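Top line first, the protein sequences correspond to chains A and B. Residue numbering for the first sequence follows the working numbering, starting at 41 and increasing by one per position. Residue numbering for the second sequence follows the working numbering, starting at 2 and increasing by one per position.
Among the hints, erroneous ones may be present.
[As the list claims (entries may be wrong)] Rough simulated footprint, nothing fancy, chain B against chain A, three-plus residues with beta-carbon under 8 Å:
#1 83-94
#2 102-108
#3 134-146
#4 206-219
#5 222-228
#6 235-242
Since the hints were derived computationally from the structure, they do not count as laboratory data. If you're wondering where the values come from, they're calculated on a predicted model, not measured in any experiment. Virtual Cβ for every residue (Gly too), placed ideally from N, Cα, C.
Each chain, written out:
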Amino acid sequence: MITIIDYGIGNLRSIERAFLHVRPDVVRTDDPDLIRAADHLVLPGVGAFGACIQEVRQRGLEQPIMESVARQVPFIGICVGMQMLFESSSEQGVHTGLGLLKGSIKELRPSDPTLKIPHMGWNVVSPVKHNSLLSGLTADARCYFAHSFYASDVSPDNVVAVTDYGHPVPAVVAHNNVYGVQFHPEKSHDVGLRILANFATLA
Amino acid sequence: MSIAKRIIPCLDVDRGRVVKGIQFVNLVDAGDPLEQAHVYNSEGADELVFLDITATHEGRGIMHDVVRQTAEQIFIPLTVGGGIRTLEDMRQMLHAGADKVAINSAAIKNPGLISECAGAFGAQCVVIAIDMKRRSQGGWEIYTHGGRRPTGIDGLEWAKEAEERGAGELLVTSMDRDGTQIGYDLELLQALDELVQLPVIASGGAGTLEHLRDALLIGRAHAVLAASMFHFKQVTINQAKQFLHNAGITVRMT
């Protein structure tokens, strides 16, 4: 069962539907027991980091997430969901993340004035190391990004792919069973569906 | 390797059908929105925009269903606009499956709505749509209510204010060019590029592949929106992408 953590922020139907495209068993839930029992766990996120992490905590979901991660269940954070995997964020105040990965979330500030903020649109996801999450993708595959903050000071060991936005921005991160994608795979057409299919088949 | 310029078909929806007019009037039927969305998704469109051009109470209900059904079959971002007046309107469209919501008249009436929506849902899903007409003495003036009502507001000043209030993107339509297929207003696009830090979607006037190219290269727009030229199958999305790629523009090839 692909278990999508639904903590009340945004419409998760797109993510659910994209996973349903690759596997028949998908559930959206904020039930801690279902999160504890998941075999593939998904943490979505849109909007502001602070509001997202606060909802996760208020609903008592941090502990069940950590327990699943400790059981070595494949776990993926998407967009702000990926950002929440890190230690902290400086978006509208300072917020503590889940701390599963080293690094902090900072504002994108490209020095090139032609690079607009938000970073919005289809950018190349360039692999910097092998990871089965990106199996079958070409080196020039593009995914849909929509964000103004990014993961900074990430351990190089954990960076699987980058995208260029004035400087290399971590696009895909991984550490053991913990994965994160800064873009929206559910909005990235065939490339995104392939990534979700790869995740769904991780053991 | 850099971010791709986006090609965005726009579906003007009136009572559940796609329509297209010239300079906002003389509407003709241009097909079924679901069918068109499906085709554009598979042809390689980078996003889709739905604009509810009547946006009556009845139209809103129909639009909600159209958005919901469309969102079920595409895997690219969907922007919905037309008649969005409140935070609650926006919430409903996002819940129906829109990824971004375009706000036009309501933001001009109540500019605080921009920061309210950006605060609630994130700047990345707040698109400020602006319809502008050239002034005889220079510059551009904003029109609201589907282009029916002049406001006396300077278009560029409003674009800057929308950015400062937290918009994530600007969708700028030249009313002089809309539906004419004589090309985008390149001066307007250049002025916007110099003025704002936000991505700008060019709209109004696309008729040929050269128009798309010029808006991206000369107008320095980040995305081009077009309706007539795609709806009436003058060109396909693939042909447009190939042409722009050959012109040296970075696009997403599928």
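Evaluated hints:
no. : hint    : in the structure
1   : 83-94   : holds (count 3)
2   : 102-108 : violated (count 0)
3   : 134-146 : violated (count 0)
4   : 206-219 : violated (count 0)
5   : 222-228 : holds (count 4)
6   : 235-242 : violated (count 0)
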